[in-house]
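Asks: So the sequences go chain by chain: A and B.
Heads up, the first sequence stops at 171 in the numbering used here, and the numbers go up one at a time, no gaps.
Heads up, the second sequence stops at 1892 in the numbering used here, and the numbers go up one at a time, no gaps.
Quick caveat, the hints were computed from the structure, so don't treat them as lab data.
Backbone N, C-alpha and C define an ideal beta-carbon position, used for all residues, glycine too.
Each statement offered as a hint is correct.
Now the stretches of chain B that chain A is said to cover, found in silico as 3 or more residues with beta-carbon under 8 Å:
1. 1460-1471
2. 1586-1592
3. 1605-1619
4. 1648-1657
Incomplete in silico selection of chain B near chain A, CB under 7 Å:
5. Q1596
6. F1601
7. I1627
8. D1630
9. L1645
10. A1660
11. F1663
12. L1671
13. E1882
The lines below spell out each chain.
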Amino acid sequence: MATEKRVMSLFEDETRAASAIEALRKFPWKLEEVHSPIPSDKISQALKRKKSRVGYFTLAGGIIGFLSGVGLAIYTGIQWNLVVSGKPVVALIPFLIVGFEFTILFAVFGNVLGLLVQTNLPEFQSLHLYDQRCSGEHFGILASCTPGQENDLMAFFREQGGEARLI
Amino acid sequence: MSRMTYAQIEQTVLNTLSPAPLKYWAVVALALLGLLIGALCWAYQIGVGIGVGGQNIPVAWGTYLINFVFWVGIAHSGTLISAILYLFRAGWRNPIARAAETMTVFAVCIAGLFPFIHLGRVWMVYYMLPYPNERTLWPNFQSPLVFDMVAISTYLTVSSLFWYTGMLPDLAIVRDRATGLRKSIFRVISLGWTGRYEQWRHYTRAYLFFAALATPLVISVHSVVSWDFALGIIPGWHSTLFAPYFVAGAIHSGLAMVLTLMIPLRRIFQYKAIITEDILDNIAKTIIFTGLIVGYAYMVEYFLAWYSHNIVEQESFRWRAFGHYSLEFWIMVICNSVVPLLFFIRKVRRSIPWLFGVSILINIGMWYERFVIIVGGVAHDFMPHAWGEYSPSFIEYGILLGSFSMFFFLFLLFVKHLPSISMTELKEGVRQGGGHGH
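Pulled out of the complex, with its shape left as it was, chain B reads as follows (with noise of 0.2 Å):
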């Protein structure tokens, strides 16, 4: 990417805003009728009912809330690479970064529409807000389920806000280069941007500010999230582990989707010379790292377990391991600790087929590791005579393939419409390996 020169990068990015071809189209297609099967189920849904759900007592959280956390897991490695690993000076991120800051604002939207799902009376959400009625009725401010609203709009605004103004510089060189309507649009969202030396003193600075603001944001959203299980006191959720360890399956998960992204993207938008084999090669090398984590997280929990000599704590892990959500569990500790593992051989980390494989196993052992806590954790908690089972409905599995088709909607409409590279930090990055400003 170094031997690049600015015009080369601009092409290159520039061409995949061409008229795209019917394939294109097709694909778009496709997700759009994923995206209309999983509204069709909602709206049945809402017009009948949750009880078409899977849903029961014990288990009152199935997969609605499954998919939530995964979202918001997927959302969390935009900013990762975006902020964090900006604010680390790490000159590979700038390829990648645009395309995984819009992974971030599509995921979190995404994850947003659960609650509302789940609510089964969607109608009634205005509850949530804290506004002044007769009833004198507010929200619980020291509920988790409260932090949680805060925290997951919160980090949509930002995620949001850092995607549109890390884009600024780009929607003007779009501007510069296009033609007619396209022109016309981009000279509007671009807000007049023309690179002025007070726009840019000006700019670096807010930028550096918006990562340094993203950082703890990041780390407090899936703690956040992981106390809607934490402060209850069902085994298996009752524990301090929760934070850290959700916070590092988030960037797990979050990886693992960017690779799933760019390995296509890569070759079908001829980003070879830009998203190299080497940046691959770190994101697995960082997947190595998170899926330690998430490893020795899963050991701890039940350490904790055996240490605690809770009864109930223990009888629950065992149930994990080899009760009715066995393989499930399963999945999650093999998808999820030991097929990273292959990422320390050299070769699988150059190879597209193996890390694009990896990458898929380990979303799927993610979305597992929610079912497992979310689900496992209320079917065989304190008493025999409550315990039971849950398994998704066709409603749900509709809403599921919804979510998904309408991520891949979302994305494929940006690729081809905004520049999914930063240019402008590939500019930099030629010239001095860094982001904005750097």
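Chain A with its partners taken away, still in its complex shape (with noise of 0.2 Å):
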């Protein structure tokens, strides 16, 4: 809703910060984003989100790698089809090395593929919405209210140990 007031709240310790999330979900303020300095177990347990599946982009892209690079070994040994060293046209072993190496290539393609389709990333319009602190040593939290209750939700993350402001 564009009429929705932010809030955003600084902590300078993560306990704190992750005990301010679980508290925010008795009322019914809503918990928009969470920054941090370092990936923080405790938050996470405090958002309970599940595993992030970037592992499926790698797997993905790791199975069309191995396909790819002894495709390719098979598809060239049978364009130039000429017996060297007396060794096979189509010899497997060394094209599993070639496969190999194309496995793990693209398997971190898919990785990086994967982590920037997850992230959304590059995404350059939510930095007005992110405190630099946050980069620093702040633990962020950025939540929202209807009009009317924003000085509410400032009291609350105040009295949860951090500092608020509204955006």
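Grab the two chains, each in its own frame, and use the hints to assemble them into the complex.
Replies: In structure tokens, the structure reads:
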């Protein structure tokens, strides 16, 4: 809703930030975002989100890579149909080496693609909803509420041990 | 380091990005000069022909291949420290991982140049690429040289992506503390990273997969490099020992180069509180381990030659120790497997001059190891009438100088323009002793 009010709260301690996230659930306010300078297990537990699905992208990339690597080696072997050093034109053991390298390469491409897709990067629009101290030593919680409740929301965060400001 | 606060960590690292003094630019100019000398030598070789090098029949692979294997080896330790130690949850890697990864990226770039240099007619390099053409001519994927091209290009791509991905949160820190043009540049290269929980959730998982994929890759790459030799039938090359021997040697030289780079870095940039003596001590202990493996490999090569009853193999190894290149052989043995034993003495491991001195000797020894293998094998193979000798030409020395200069030139630019230590991982280390997401 365009009329929603957003409040950014900053905590110096991740435990307090995590408990503020849990306490926020008891109120009708909406938790929009949590920013932190490091990946935090405590915040992760408080948010109760599932494991990342980046691995599916990585796995898909790896499978595509293996098939591409071995496929390319077989295809080129058949195209240049010449027996070299008495070895078969389609020699699977050497081609597995090519397949292995392609597996790693494409798995990494999948991994990076998965990361970009899942995190929605690059993305510059939400920088204005972010406090630069969150890359330093603060844990930031962005929450929204209906107009008129912003003072209550700010008071809640202050009570939890954070500082709060309206965005 | 554990007593540092987040703010102190940031301050220490960000201070290194402040405007550089004149002395820094003087050193950069010196490295650039060396790089230009190397580039001029290469340009001369392109103009005149590959004959300006000292390569001959039978020694067709001279310093260009020696440098190639040397730089690929240097590149290995970056991934060892970054990926393998990450998987083993070794917290001491955090302060040195970024610089080691950077070393990897630059070293692979330089290594990748040498096949081009060795090619002579560098404009024909596209023959290596598998593309449809009117002659229906394709690269032979059974050849270890083609394995090598695939492995090295994969390693360069993966190392670069690993390096950049690992740096994203730090680039955002620089963006948030910078002003003006630097802020605009870092805003773009940090891709808008804000440390949202959703970003960390996927990032930590992706980083783990990166490390898990880079670990087998690093082992495969130097195994593939070793097969450039081991799949040939030349005495001294044709051995199943080569893959583990090369991997251990690569890590050995890479760790030595990490010491060579870290010791001046911690002094110049006031990193003593972050890159502590304990960390250098741990690197030295790892060097003992890799040095023992390398020494063991040297001995096993002799055992295999003796045990095989193959007179050509036996003569090749006798000549290696007492023949024309015996000086290079003994430099190799002493620098790589005897000198590192000094690290058994705690005082040596805790002494910065000793650490630096030993690291330089290992670098020299590992370059000579490649010399002994690459030149020594073909110079004295099956047929006495085909035996020959080789010594590098002035042009080859110029290109060697250019490669080292290029490495230090790039590294010097890096340490002054990008965060040379991972602030985020150090912050995590302060809290719990691990890397991303541990």
